[in-house]
Amino acid sequence: MSAFVRRLGFGGTLCLALIVTFALLALFAPWLSPYPDQGMGTPNVIAKLKPPAATFWLGTDHLGRDVLSRVIFGARVSMSAGLLIVAFSLLIGLPVGLLAGYFGGWVDEALMRITDVFLAFPALLLAVLLAAALGPGLLNSIVAVAVTWWPWYARMARAEVLVLRGQPYVEAASVMGVSQARIAIRHILPGAARPLLVQAALDVGPALLTASSLSFLGLGVLPPTADWGKMVDEGRKFFPDRWWVAAAPGVAIFLLALAFSVLGDALRNREGGKRRDTT
Amino acid sequence: MNRRDILKSAALSAIAASVPLAVPRWSIALAQEGSPIFTLAHPAGFPDLDPATSFSNDGAVLANVYEGLTRYIPGKDDQPATLAPVLATGWETSVDGLTWTFKLREGVKFHDGTDLTAEAVKGSIERTIKIAGGAAFIWSPVTAITAPDPTTVVFTLSSPQPLDVIAASGFAAWIISPAAMDKDNAWFNAGNDAGSGPFKIDRYEPGQRAILTRVADYWGGALEGAFDTVVFEIVEDAVLDQNMIEGGQADWTYGLPYENLDALKANPDLSVVVNPSFETLFGMYNTKKAPLDRPKVRQALSLAFPYDDVISAGTSGLGSRAKGVIPSGIWGHDTDAPVPNTDLEAAKALLAEEGLTDGNLELVMTYATSDTLEATAGELWKANLAQLGINLILQPMAWEAQWELAKSDPAATQDIFVMYWWPTYVTPYDYLFNLFHSEEAPAYNLGYYSNPDYDKLIDDAAALSGTDRTKAEAMFKEAQRMVIADNAAVFILDKPNIHIMRADVKGYQDNPAYGHVVFVNELSR
Numbered sequence: 001m002s003a004f005v006r007r008l009g010f011g012g013t014l015c016l017a018l019i020v021t022f023a024l025l026a027l028f029a030p031w032l033s034p035y036p037d038q039g040m041g042t043p044n045v046i047a048k049l050k051p052p053a054a055t056f057w058l059g060t061d062h063l064g065r066d067v068l069s070r071v072i073f074g075a076r077v078s079m080s081a082g083l084l085i086v087a088f089s090l091l092i093g094l095p096v097g098l099l100a101g102y103f104g105g106w107v108d109e110a111l112m113r114i115t116d117v118f119l120a121f122p123a124l125l126l127a128v129l130l131a132a133a134l135g136p137g138l139l140n141s142i143v144a145v146a147v148t149w150w151p152w153y154a155r156m157a158r159a160e161v162l163v164l165r166g167q168p169y170v171e172a173a174s175v176m177g178v179s180q181a182r183i184a185i186r187h188i189l190p191g192a193a194r195p196l197l198v199q200a201a202l203d204v205g206p207a208l209l210t211a212s213s214l215s216f217l218g219l220g221v222l223p224p225t226a227d228w229g230k231m232v233d234e235g236r237k238f239f240p241d242r243w244w245v246a247a248a249p250g251v252a253i254f255l256l257a258l259a260f261s262v263l264g265d266a267l268r269n270r271e272g273g274k275r276r277d278t279t
Numbered sequence: 280m281n282r283r284d285i286l287k288s289a290a291l292s293a294i295a296a297s298v299p300l301a302v303p304r305w306s307i308a309l310a311q312e313g314s315p316i317f318t319l320a321h322p323a324g325f326p327d328l329d330p331a332t333s334f335s336n337d338g339a340v341l342a343n344v345y346e347g348l349t350r351y352i353p354g355k356d357d358q359p360a361t362l363a364p365v366l367a368t369g370w371e372t373s374v375d376g377l378t379w380t381f382k383l384r385e386g387v388k389f390h391d392g393t394d395l396t397a398e399a400v401k402g403s404i405e406r407t408i409k410i411a412g413g414a415a416f417i418w419s420p421v422t423a424i425t426a427p428d429p430t431t432v433v434f435t436l437s438s439p440q441p442l443d444v445i446a447a448s449g450f451a452a453w454i455i456s457p458a459a460m461d462k463d464n465a466w467f468n469a470g471n472d473a474g475s476g477p478f479k480i481d482r483y484e485p486g487q488r489a490i491l492t493r494v495a496d497y498w499g500g501a502l503e504g505a506f507d508t509v510v511f512e513i514v515e516d517a518v519l520d521q522n523m524i525e526g527g528q529a530d531w532t533y534g535l536p537y538e539n540l541d542a543l544k545a546n547p548d549l550s551v552v553v554n555p556s557f558e559t560l561f562g563m564y565n566t567k568k569a570p571l572d573r574p575k576v577r578q579a580l581s582l583a584f585p586y587d588d589v590i591s592a593g594t595s596g597l598g599s600r601a602k603g604v605i606p607s608g609i610w611g612h613d614t615d616a617p618v619p620n621t622d623l624e625a626a627k628a629l630l631a632e633e634g635l636t637d638g639n640l641e642l643v644m645t646y647a648t649s650d651t652l653e654a655t656a657g658e659l660w661k662a663n664l665a666q667l668g669i670n671l672i673l674q675p676m677a678w679e680a681q682w683e684l685a686k687s688d689p690a691a692t693q694d695i696f697v698m699y700w701w702p703t704y705v706t707p708y709d710y711l712f713n714l715f716h717s718e719e720a721p722a723y724n725l726g727y728y729s730n731p732d733y734d735k736l737i738d739d740a741a742a743l744s745g746t747d748r749t750k751a752e753a754m755f756k757e758a759q760r761m762v763i764a765d766n767a768a769v770f771i772l773d774k775p776n777i778h779i780m781r782a783d784v785k786g787y788q789d790n791p792a793y794g795h796v797v798f799v800n801e802l803s804r
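For the record, the sequence lines run as chains A and B.
For what it's worth, this note's numbering labels the leading residue of the first sequence as 1, then goes sequentially.
For what it's worth, this note's numbering labels the leading residue of the second sequence as 280, then goes sequentially.
Please keep in mind that the hints were generated in silico from the structure rather than gathered at the bench.
Just so you know, not all the hints are guaranteed correct.
As the list claims (entries may be wrong) - Now the stretches of chain B that chain A is said to cover, found in silico as 3 or more residues with beta-carbon under 8 angstroms:
#1 385-392
#2 411-417
#3 505-511
#4 652-660
#5 676-682
Treat the numbers as computed from the prediction; the structure is a model and nothing was measured.
Glycine is no exception: its CB is placed at the ideal position from the N, C-alpha and C atoms.
Looking at chain A on its own, in the form it has when it is part of the complex (with noise of 0.2 angstroms):
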């Protein structure tokens, strides 16, 4: 355990220790919070905007709702939005890259112009335009947040690529006659994907909060599963009295985000270190 710690750091351990418990949370969600049905829609409108007290830890919603419930579903869609988009953009561009890179050529020419047109696009417009015309879903919004995502993993994995190309390891299996199909996946791939991987864990956290601008926007999910940038969105307009509507999902979000950040930055740094012995 000690030797974890000091692979990751303090910081890296306990960000680590948080998205574990938000994960466990999430998946438990319907025996960890005392008040499941609440927590997947079912309004209580006696108990509305109730302050945070012993039965409502963390208060009421607008529909009586108890707010804690209501954070615990949400960690379900706010970390597989963040994930899922890491893993879709993940999907593309790698792949893309790895084309681009390894062939060269005019597919370099073609497949990095597509992923200039994707990158002249501000990521937050292009999503939103994107969510609005394939409407209000948890999918919809995650593809179109990939959908801006990717063209960066396409880039980061190509430079990787281009760079591993030359290697003496890859000539030397070209000169045995291994096949193009073969080096790219077996020789190449491995080593493009570790720098992308550490990038992914970086990017899980702005991810979950473009997703939670979506929601935000009313482009998330569709009601009444919980999402914790809706529920901001709607604990937003009576912020100043009754803070708590607002408050536990901001803070929800705050905290994931943050924790995935400093993860990410941990994973780079070993990755770092452990390229400075291996030279």
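Could you slot chain B onto chain A? The hints should help.
Okay, now just chain B, sitting in the frame of chain A:
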């Protein structure tokens, strides 16, 4: 289009939310004790200040700058609604209701110094009809306007219509100076005006503010302690509006969340004025798509609607139960309309009768993104319907998208279309025609209701409303009962009109016929 401004894009409000609180850019217009400046924290901008085409929140400015021939004064308690003379001092109609003669007020001057004449009235309305934008359709029954002498205007109609009520419209019925007849839309939107009202536009910064100053020789005079200057500060974020009214930087605002009103009521510096509005919220059932093509299924859904909960949770108890689609305060409102009360057992029995008990029924309800009240109604209804084995899918959409979808093939669109309606000018026909009259291509009849008997009844009633309003009113009520009996829609609630003012402002009377308009000349401090 005026039904759409409530749907100001979510993105805009989010941008407004990010406006820093630190430097109040409206501080130039501090509403101090005894100040002759009346400041409105206005949550919506003014898309079009051309009096011929304005069809949105612009009325807030235009109603202080321009005047029409008449003004609608809503009924209160047992007092029937009346029409007050403004630029016209009297009017009469021929027996057949096809000729209307208006006598004009003498001694009225436009802001540019020209006199009000019959030619000006004729020219203004003809300009509006010619441009044919905004609410110009209200004049469609008019075939000819003549000016036999400088203080008499005669309208000839193709069908009998209540032209005195039409002339009181808050849109497309403003009279402008002859000097401005050939001016275009851009001229008006540059902050120029050509009205005869108590104020003239002094400065206009689109999306920021409009400043009006008092006209020296207004025919209606000024009260003691009247305001000299009217400042509209356009602040689209409710939180900022609330800060302004609480801090004394504004004298009047609206659109604050219902949940905050108790705190505002307790503030001795403020008064919270609650009135009925002409805005009603309802959900139209898709009568052309299974299973809602069956009246009993629609009835079951209406029986499952949590009316009281939506009023208490969505409007803090300030809204009122809708009695059909015509709200109170409008002639034709039916206080005894047989609307259902929430009764889940009865709903269950009806569904069983219709053979819908397998619990696989999915219905899609569309409503406007970021409209909290509609979302609340949907979420509470969904919870009730879940107990009946019906899954109500809540589909928030941008208004344009919601509307486009509904106008496509009825068999493939939403099951329930939720929206608000308020009239262009005050007549029950506006609600009954737009929402339920048969249509070849749906415009606003988005439940696709079609009933030839109903169509004939409201058309006949509309033709009578110029000459025999009592009979017309009875026919409108009968027609509305047909819609209720057929369960064409679920009638949710009539929205309250809530305005928040500084307590030292005197003389305020809300007039729901003009939306959120303040006639500042009637106020004093």
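Q. Which of the numbered hints above does this structure break?
A. Result: hints 1, 2, 3 break, sorted rising.
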